[in-house]
Amino acid sequence: MMEDYVLELIRDGRRVDGRKLDELRPVKVETGIIKRAEGSAKVSLGDTVVLVGVKLDIGEPFPDTPNQGILITNAEFSPIASPDFESGPPGEDAIELARVVDRGIREGKIIDFEKLCIKEGEKVWMVFIDIHVLNHKGNLVDASALAAMAALLDAKFPKYDPEKDELDRETLEGKLPINHKVVTVTLAKLNGKMLVDPIVDEEKVAEATLTIGVKEDGKVSSMQKSGGRGWFSYDEVSKAIDLAISKSKELLKHLE
Amino acid sequence: MMEDYVLELIRDGRRVDGRKLDELRPVKVETGIIKRAEGSAKVSLGDTVVLVGVKLDIGEPFPDTPNQGILITNAEFSPIASPDFESGPPGEDAIELARVVDRGIREGKIIDFEKLCIKEGEKVWMVFIDIHVLNHKGNLVDASALAAMAALLDAKFPKYDPEKDELDRETLEGKLPINHKVVTVTLAKLNGKMLVDPIVDEEKVAEATLTIGVKEDGKVSSMQKSGGRGWFSYDEVSKAIDLAISKSKELLKHLE
Amino acid sequence: MMEDYVLELIRDGRRVDGRKLDELRPVKVETGIIKRAEGSAKVSLGDTVVLVGVKLDIGEPFPDTPNQGILITNAEFSPIASPDFESGPPGEDAIELARVVDRGIREGKIIDFEKLCIKEGEKVWMVFIDIHVLNHKGNLVDASALAAMAALLDAKFPKYDPEKDELDRETLEGKLPINHKVVTVTLAKLNGKMLVDPIVDEEKVAEATLTIGVKEDGKVSSMQKSGGRGWFSYDEVSKAIDLAISKSKELLKHLE
Amino acid sequence: MKKIEEPLIVDGKRIDGRKPEEIREIEMRVGVIKNADGSALVRFGNTMVVAAVYGPKPLLPKHLQDPEKAILRCRYGMAPFSVPERARPGPDRRSIEISKVLRLALEPAIFLEEYPRAVIEVYAEVLQADGSTRVTSINAASLALADAGVPMRDLVVGLSGGKVDGTLILDLNGKEDNNCEADIPMGFMPRGEKITLLQMDGDLTPEEVKKIIRMVIDAGKKVYEEQKKALHAKYEKEEVV
Amino acid sequence: MKKIEEPLIVDGKRIDGRKPEEIREIEMRVGVIKNADGSALVRFGNTMVVAAVYGPKPLLPKHLQDPEKAILRCRYGMAPFSVPERARPGPDRRSIEISKVLRLALEPAIFLEEYPRAVIEVYAEVLQADGSTRVTSINAASLALADAGVPMRDLVVGLSGGKVDGTLILDLNGKEDNNCEADIPMGFMPRGEKITLLQMDGDLTPEEVKKIIRMVIDAGKKVYEEQKKALHAKYEKEEVV
Amino acid sequence: MKKIEEPLIVDGKRIDGRKPEEIREIEMRVGVIKNADGSALVRFGNTMVVAAVYGPKPLLPKHLQDPEKAILRCRYGMAPFSVPERARPGPDRRSIEISKVLRLALEPAIFLEEYPRAVIEVYAEVLQADGSTRVTSINAASLALADAGVPMRDLVVGLSGGKVDGTLILDLNGKEDNNCEADIPMGFMPRGEKITLLQMDGDLTPEEVKKIIRMVIDAGKKVYEEQKKALHAKYEKEEVV
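Residue numbers (this note's numbering), protein chains in the order written: chain A, 44 to 299; chain B, 44 to 299; chain C, 44 to 299; chain D, 1238 to 1478; chain E, 1238 to 1478; chain F, 1238 to 1478.
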């Protein structure tokens, strides 16, 4: 069985697709491909393909942050992308993915939310990040986080007319205020070894996975242990953080 | 089996209930029967019985049509009406029916929506058409469209007090502004033959059905191919349109 | 089987837990136990335990009662409380329970709703009663009604600043305006005999149950026949009312 | 709870001209839904309900079957146009509760044990609401069950009693329902006076409660006669909604 | 219903510069979703749809199986970012209706009887919407079915016709769709001119209806050629979304 | 992200008077829900969670069973009155995610393979929320599993670490949670220091992350002792919520 084969190879430090343990699949980032979206990006990590669209709208701020814009992140595991995905509202995995991507951006202060305030307490920009999986071959979270970041960098404001309180979506002007760039690096533990960018066959037998959000400046903005039925030791987490910071540089290059 | 019998008869141009291919079942239209509704009608097409209530309320217009009223059409296939109907939210057939009836009225400009504007961009009349099936013996769409049209013609405005911004639902005044009348005629293709007003036994073996909305002036306001697993040729559609226009006159008589 | 045993004992006027037919289980009421709630109470009726939290907020009044506050009562049969409860939205039993508790309070005019008006037609206090079952050993309704009443008596207003239109939830001031106290007494009919405060084993074989809401002044504010597949005679109802009024005094003592 | 200021009883007459214990005009017809195994339309003044029965029929999926008796399912609903402000389609909390009490009101009357593994479905739809819709639904459902040939101990009669402006009344209309001091909807089998539905909300002395229940049972016998008349009429004439 | 005042036809040209019967630039690629058994991306101007097919495969749970033929399931959806105002994710009434007419448009083309007890799932996702999304979905779904090797009587071609500012046109874009006098989305199998999807809304004389249907069928043959070209191209080059 | 202006650390003390590495007052009781196979109440300051375990018991319907091991199901929820602004009942996206990470935190500790075809249900309800609710839920769930006699490799300890106003702290309360520079909720089995839950959001150097993780593991040993004390206490005295 594929499971046994994956584990057998790992014992020798090898992987089914021939990669080294710390090697990413080929990365491809294309932006501006959805004309209806204010920002968009398609990211491939090997055969995993994710499309992200950023839409902007105007809404009311939350009462406890009256001078800040609003971020809403949603992920759809469309049945188009895998025989394992089903129609219906997002399941726990899609919800977890959206929330991990969202936290990395929100808590890493990637967007300058105060610059999204139009009128304190009344009108702010709302930023919608919609993650649409097109093909699932593993490590959706890193592909999604990279595509979300690329789409945010691509995004421009539609022209806002404060007198008519109307958006002219055909006239785009000015980029979203982005403070930093962030990417995530996901590691999987198999047979006690840590590898990066797992494919589906590896995710199925992983003891656990750890996703680490890393910013351009090398600081950590999010972590999420997920997948599998296992644990990490302190040393494993510690090494994973170092490895993630090193691999993040490769991913960040694709955002330049 | 009933299916085979229906098809066998059709080969000779005959139908299980003795009708000719282009013959409607007896039509009966009663209006004003629901006192709580601003307009109402009960329509029988043979043993198919549909009740429609029209309610009026005041709401905000859509931003892209600030000076037009709003139409909302809903259909319930109540389990009261057939052993085949189940409790729960409307299924695809009920949704399709409501949307076909709605489009015929909306796109045929049956209602003068601009006259439903109370204050541009702020207050307009909302027209709710609720279709309630009481007994399903086939061709729900023609019965529903006829009942919806009859109920619209029956509908009167509740008195609106602009100062208090209140409706007095016990005082009705003035009819809904209706531009034209529209009905639908549904044809079914069985064994290559076209017949009108199909009953359930015919719908079950139909290759396809075609519903055509026809206005008083003989113009077409909507079409919907539905039912079955078959197709129509250009000639079949062409003849269906002509037949629908001719049969629409019989139905329109019941709205006088 | 337990069912047979319960019925056999009842024939002799005895119960599985040794109580007399008209004897309540031990009652315990604790208030003020949830610090985040404006009012709270935990009630035990034997091994049945119910927690109620009262939250206050500010909202718009209903158009037909512009000078009255709003009461919203909700019950969750959390799967924590019984192997028979399932996750998911409230079922018909939880909805019935919440509505019976709500009606007893609302229609018995327990709260002075007019004193909950802040600005007529615009701002009123909303009172949320949330019933959370912790352990279900029968007669949830009496435990819930008692806990709801105790929590209402415990509730205080958070400080409202009309200029900023803000609530300061850390400063509580002034009690909810309570007109009267009300409790419910539930009786079950088994083998033609009436008993009070049924446990689950008794509810399962009851012919029917009758819940009676009684106010401090001995007036009846609600009734609900529920449970079982049986009926009551006029005489049974009549005696049940008298018994409920007598037992209500025992329950009301716990609210002093 | 009274929400309006105008009196509901003037010179001993109610707002629709009735005497306190007078029941509104009743219309009852059975067999009104051709597809159903049994059906009935019942009107009390401006409150109109249609009910249909499907079954007894095998219950599927099988694991829901009761090997000893039929399962009764009831659904009460209101047409969106049955009330002054259009109601959203679909069940709300109120209709879920009423569906349950309706089931409990009908079950005692049906010989469910005669149909093991079966289901009997009862649907009651309010087409026009002017108070007392749940008891009108009981009358319609009870007639529909009889029309379907479901064996019953007795018909179940529905009737409401209550108190407005200090006066005890029967058969509350919508305005009375919304502004009464108390409302007692009831269902019962007249033979043996077996009460199968009993709800109350308001503020009454125990004596008032008992008196209203007695009034409802006594007056319900007239409703019972109407039910029997409607069932007899079926054999004379067939008419459809 | 026209909602804007500016003209949609000026000097015989449409707002995007096309002649009345001109179709937008077409892009068609198959095999774009690696996981799917068949897939295709179709673009008409700024309207872009990706479709994937999973199956034929055994239908579970078994009690849903048809012992005589495969069940076809279709789901049409729009990405939240495919429209100017972000759309809420998940099906609405419009997409439920379109999913149904899409299924009815494709069923006549498939030899479903070759796969008893099986299911074929077709998913069409609108990535960019600029009018005519349902007919673009038909083209994508039809190609995805062919790419999956599902045996078909013919490809199904999707194309819309309509009338704007008094002129009969083909392939409506979004602005035309929202402001037209009539819109006729169609699906048909070119061989034998078999119409499998036909909807219309607007206000047309019978003659206009017939004329537009004829125009769509005739022009659809060009779309058919593009479909066949895309299927041939697959064997030359593999490219992925 | 800090949303308020007032300092959260003054003279080396936190707003509730604690030192940076000080844990709030802990209360732990097992056997608090009589109906449950196992249960526990855990309080850290004003955060209070009750957990109940039902099972191991046969999983129905059968097709969901795993022939090799038990299925663990976790549900985390918040009572509507547990937070300042009343929360809508029912699961939201946050509680769905937490239910998942809770399951992943507990699974490594349970000998699931001892109960093939079974299900173990774990319910954690937040009755009062003042920060760190998910790690408090881990403590309660872990105790409830032990109380139910489910065989475990070790108890799972939950504790949060973080950074506020530049200071590394433990056991965040609600105000710290909402205004911290970083928050790291963790779950781990003390024997062998096996980390089963690890989340983080904020903005930290790698060294800070590692330091906080180490602090949590070290301080977690005190929480572990409290857990063991609560389990022992059960045999001395029975008390119920």
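These aren't lab readings, by the way, just hints derived from the structure by calculation.
Small disclaimer: the values here were computed from a predicted structure and weren't measured.
Just so you know, not all the hints are guaranteed correct.
Said to hold, decoys possible - Some chain E residues flagged as far from chain A (calculated, every beta-carbon gap over 10 Å): (1) 1242; (2) 1255; (3) 1264; (4) 1287; (5) 1298; (6) 1302; (7) 1317; (8) 1326; (9) 1348; (10) 1350; (11) 1367; (12) 1390; (13) 1391; (14) 1466; (15) 1471.
Said to hold, decoys possible - Below, computed lysine-lysine pairings styled on DSS-like, alpha-carbon distance capped at 30 Å: (16) 282/A - 1294/F; (17) 262/C - 207/C; (18) 236/A - 1448/F; (19) 1458/E - 282/B; (20) 71/B - 1337/D; (21) 1250/F - 1299/E; (22) 1250/F - 262/A; (23) 218/B - 236/B; (24) 162/C - 78/C; (25) 199/A - 236/A; (26) 152/C - 1471/D.
The beta-carbon is built from N, C-alpha and C at its ideal position, and this holds for glycine as well.
Comparing the hints with the structure gives:
1. 1242: holds, 17 Å
2. 1255: It holds; residue 1255/E is separated from chain A by about 18 Å at its closest Cβ, greater than 10 Å.
3. 1264: holds, 13 Å
4. 1287: About 7 Å separates residue 1287/E from the closest Cβ of chain A, which leaves it inside 10 Å; violated.
5. 1298: Consistent with the label, residue 1298/E stays out of reach of chain A, its closest Cβ about 14 Å off (over 10 Å).
6. 1302: Check passes; 18 Å lies beyond 10 Å.
7. 1317: Residue 1317/E not clear of chain A: closest Cβ-Cβ about 4 Å, inside 10 Å.
8. 1326: violated, 6 Å
9. 1348: Nearest chain A Cβ is 22 Å from residue 1348/E, so the label holds.
10. 1350: With a cut-off of 10 Å, residue 1350/E remains clear of chain A, as the shortest Cβ separation is near 24 Å.
11. 1367: violated, 8 Å
12. 1390: holds, 25 Å
13. 1391: holds, 24 Å
14. 1466: For residue 1466/E, whose nearest Cβ neighbour in chain A is about 23 Å away, the distance exceeds 10 Å, so it holds.
15. 1471: holds, 17 Å
16. 282/A - 1294/F: violated, 40 Å
17. 262/C - 207/C: violated, 43 Å
18. 236/A - 1448/F: OK: residue 236/A and residue 1448/F at ~23 Å, within 30 Å.
19. 1458/E - 282/B: holds, 23 Å
20. 71/B - 1337/D: Distance ~36 Å between residue 71/B and residue 1337/D Cα, so the pair is violated.
21. 1250/F - 1299/E: violated, 65 Å
22. 1250/F - 262/A: Distance ~27 Å between residue 1250/F and residue 262/A Cα, so the pair holds.
23. 218/B - 236/B: violated, 42 Å
24. 162/C - 78/C: holds, 28 Å
25. 199/A - 236/A: violated, 43 Å
26. 152/C - 1471/D: Cα-Cα ~47 Å, so violated.
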